[in-house]
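Please build the complete structure, drawing on both the sequences and the hints.
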Amino acid sequence: QARLVRSRPQRRYAPAPALTMKAAALLLASALLAAAGGVAEAAFEACKSQATFDVRMCKSHMCSDCTLAWCMESCQKLQEDHSGCRCEDWPEARKSYSGEGRKGAGKYGDVGDYSK
Numbered sequence: 002q003a004r005l006v007r008s009r010p011q012r013r014y015a016p017a018p019a020l021t022m023k024a025a026a027l028l029l030a031s032a033l034l035a036a037a038g039g040v041a042e043a044a045f046e047a048c049k050s051q052a053t054f055d056v057r058m059c060k061s062h063m064c065s066d067c068t069l070a071w072c073m074e075s076c077q078k079l080q081e082d083h084s085g086c087r088c089e090d091w092p093e094a095r096k097s098y099s100g101e102g103r104k105g106a107g108k109y110g111d112v113g114d115y116s117k
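First residue of the sequence shown? That's 2 in the working numbering, and the numbers climb one at a time after it.
Heads up, some of the hints might be wrong.
[What the hints assert, rightly or not] Cross-link-like lysine to any residue pairs, in silico, SDA-like; alpha carbons within 20 Å at most:
| no. | residue 1 | residue 2 |
| --- | --- | --- |
| 1 | K60 | S31 |
| 2 | K96 | D82 |
| 3 | K49 | K78 |
| 4 | K49 | S97 |
| 5 | K78 | D66 |
| 6 | K96 | D66 |
| 7 | K96 | V56 |
| 8 | K60 | A47 |
| 9 | K49 | K60 |
[Claimed, not checked] DEER-style ranges, computed between Cβ atoms:
| no. | residue 1 | residue 2 | range |
| --- | --- | --- | --- |
| 10 | K96 | A52 | 13 to 21 Å |
| 11 | A24 | D66 | 41 to 49 Å |
| 12 | S84 | H62 | 35 to 43 Å |
If you're looking for bench data, these hints aren't it; they were derived computationally from the structure. We put the CB at the ideal spot given by N, CA and C, even for glycine.
In structure tokens:
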């Protein structure tokens with residue numbers, strides 16, 4: 002006598018609707034944030050002497066890391082010579098060397114006994 006063994010049918014479960022909706026909402030939110038971030042940032046516009054300005058201002062120790070008075074004065078003069086130029090990695094609000102975000106800001110001329 003042959004014995005028939007019934008096997009249970011395999012069940013395939015669909016993901017829970019709440020999980021699917023959360024994943025879709027997360028995907029939509031990340032797409033919207035990415036799109037908003039791309040629109041908010043303005044494109045960098047290079048000036049006529051951008052290559053020279055990059056070497057002398059943006060990539061030099063004198064204008065990026067030095068906090069001595071001589072460095073600050075020299076870089077301000079360099080900015081005057083290349084008016085309209087700015088480093089690509091500067092924040093959008095910083096339009097020139099003397100603008101917000103400069104490393105030596107608050108260390109020369111406007112602090113100490115002689116600033117009062």
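Results for each hint:
Between K60 and S31 the CA atoms are separated by roughly 34 Å; this puts the pair beyond 20 Å, and the hint is violated. With a C-alpha separation of about 15 Å, the suggested pairing of K96 with D82 holds against the 20 Å cut-off. For the hint linking K49 to K78, the alpha-carbon distance of about 17 Å falls within 20 Å, and the restraint holds. At most 20 Å may separate the alpha-carbon atoms for a hinted pair to count; K49 and S97 meet this at roughly 15 Å.
At most 20 Å may separate the alpha-carbon atoms for a hinted pair to count; K78 and D66 meet this at roughly 17 Å. Using a Cα cut-off of 20 Å, the hinted pair K96 and D66 holds, with the two alpha carbons roughly 18 Å apart. Taking the CA atoms of K96 and V56, the gap is near 18 Å; set against the 20 Å cutoff, the hint holds. About 15 Å separates the Cα atoms of K60 and A47, which keeps this hinted pair within 20 Å; it holds.
Between the alpha carbons of K49 and K60 the distance comes to roughly 17 Å, so the proposed pair stays at or under 20 Å and holds. Hint check: K96 to A52, Cβ distance near 20 Å, so the stated range 13 to 21 Å holds. The given range of 41 to 49 Å is respected by A24 and D66, whose C-beta atoms sit roughly 46 Å from each other. A hinted range of 35 to 43 Å for the beta carbons of S84 and H62 is inconsistent with their spacing of about 23 Å.
Of the numbered hints stated above, those contradicted by the structure are hints 1, 12, listed in ascending order.
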